[in-house]
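These protein sequence lines are chains A and B, in that order.
Its first residue numbered 1, the first sequence is counted upward by one per residue in the working numbering.
Its first residue numbered 1, the second sequence is counted upward by one per residue in the working numbering.
Calculated directly from the structure, the hints in this document are not laboratory data.
Treat the hints with care, since some could be wrong.
As the list claims (entries may be wrong) - Cut-off 30 Å, straight-line C-alpha distance, at most; resulting in silico cross-link-like pairs (DSS-like, lysine-lysine):
#1 A:Lys45 - B:Lys71
#2 B:Lys57 - A:Lys2
#3 A:Lys42 - B:Lys71
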Amino acid sequence: RKEVEQDPGPFNVPEGATVAFNCTYSNSASQSFFWYRQDCRKEPKLLMSVYSSGNEDGRFTAQLNRASQYISLLIRDSKLSDSATYLCVVFPGALTGGGNKLTFGTGTQLKVEL
Amino acid sequence: DGGITQSPKYLFRKEGQNVTLSCEQNLNHDAMYWYRQDPGQGLRLIYYSQIVNDFQKGDIAEGYSVSREKKESFPLTVTSAQKNPTAFYLCASSSDRSTEAFFGQGTRLTVV
Chain A
1 RKEVEQDPGP FNVPEGATVA FNCTYSNSAS QSFFWYRQDC RKEPKLLMSV YSSGNEDGRF
61 TAQLNRASQY ISLLIRDSKL SDSATYLCVV FPGALTGGGN KLTFGTGTQL KVEL
Chain B
1 DGGITQSPKY LFRKEGQNVT LSCEQNLNHD AMYWYRQDPG QGLRLIYYSQ IVNDFQKGDI
61 AEGYSVSREK KESFPLTVTS AQKNPTAFYL CASSSDRSTE AFFGQGTRLT VV
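The task is simple: from the sequences and hints, build the whole structure.
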């Protein structure tokens with residue numbers, strides 16, 4: 001099983017739609033979680049950190065479910081400019097056998113259409 | 001302004017030649033990373049370093065080498081042993097291994 005797994009998509013949605021991505025992780029002791037956004041042929045940029053209590057930034061909401069070992073990203077009222085690849089990132093923890101390094105999912109592609 | 005800089009942005013090399021990609025950061029970050037990304041694919045970790053003079057292999061280290069002689073610099077050498085070096089190479093840094101990483105703009109390497 002991969003350390004971090006994402007549905008590659010693409011998710012094609014109309015402008016204004018709500019879309020949700022999930023990301024599962026294999027190491028139950030993982031400590032830190034992030035969502036990144038990557039535009040075509042550009043570097044990834046941090047979108048949000050993910051906390052146990054959940055966090056919201058405008059139209060974006062991130063949730064962590066430790067019991068089921070997944071994190072989610074919800075985008076409301078999607079815009080054309082939201083079209084990008086969304087990467088899930090997990091830090092497994094140094095002492096848990098998962099390696100003491102950030103681990104990236106392969107990304108989920110979102111296409112918002114008129 | 002603080003940031004992480006990769007150079008060059010585009011690089012062309014002949015097959016069989018070694019090439020070194022530069023990565024410099026002035027964020028005072030301890031951890032630095034090199035990733036490779038192929039078209040339509042995710043990021044794959046090549047090497048990472050948590051501290052000066054120390055580094056570890058990632059998932060695809062074969063055919064690559066790195067050094068970490070200074071905190072702010074983590075150059076990557078793509079050697080002739082790397083079978084398919086044409087790719088987008090991304091360098092990143094973070095204050096420690098569990099915090100968010102910041103990326104450089106990447107280097108597109110094409111081997112002809």
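Against the structure, the hints come out as follows:
1. In summary, the hint linking lysine 45 of chain A to lysine 71 of chain B is supported, as the alpha carbons are separated by about 22 Å, within the 30 Å threshold.
2. A hinted pair counts as satisfied when its Cα atoms are at most 30 Å apart, and lysine 57 of chain B with lysine 2 of chain A qualifies at roughly 18 Å.
3. Distance hint between lysine 42 of chain A and lysine 71 of chain B is fulfilled; the C-alpha atoms sit about 25 Å from each other, no more than 30 Å.
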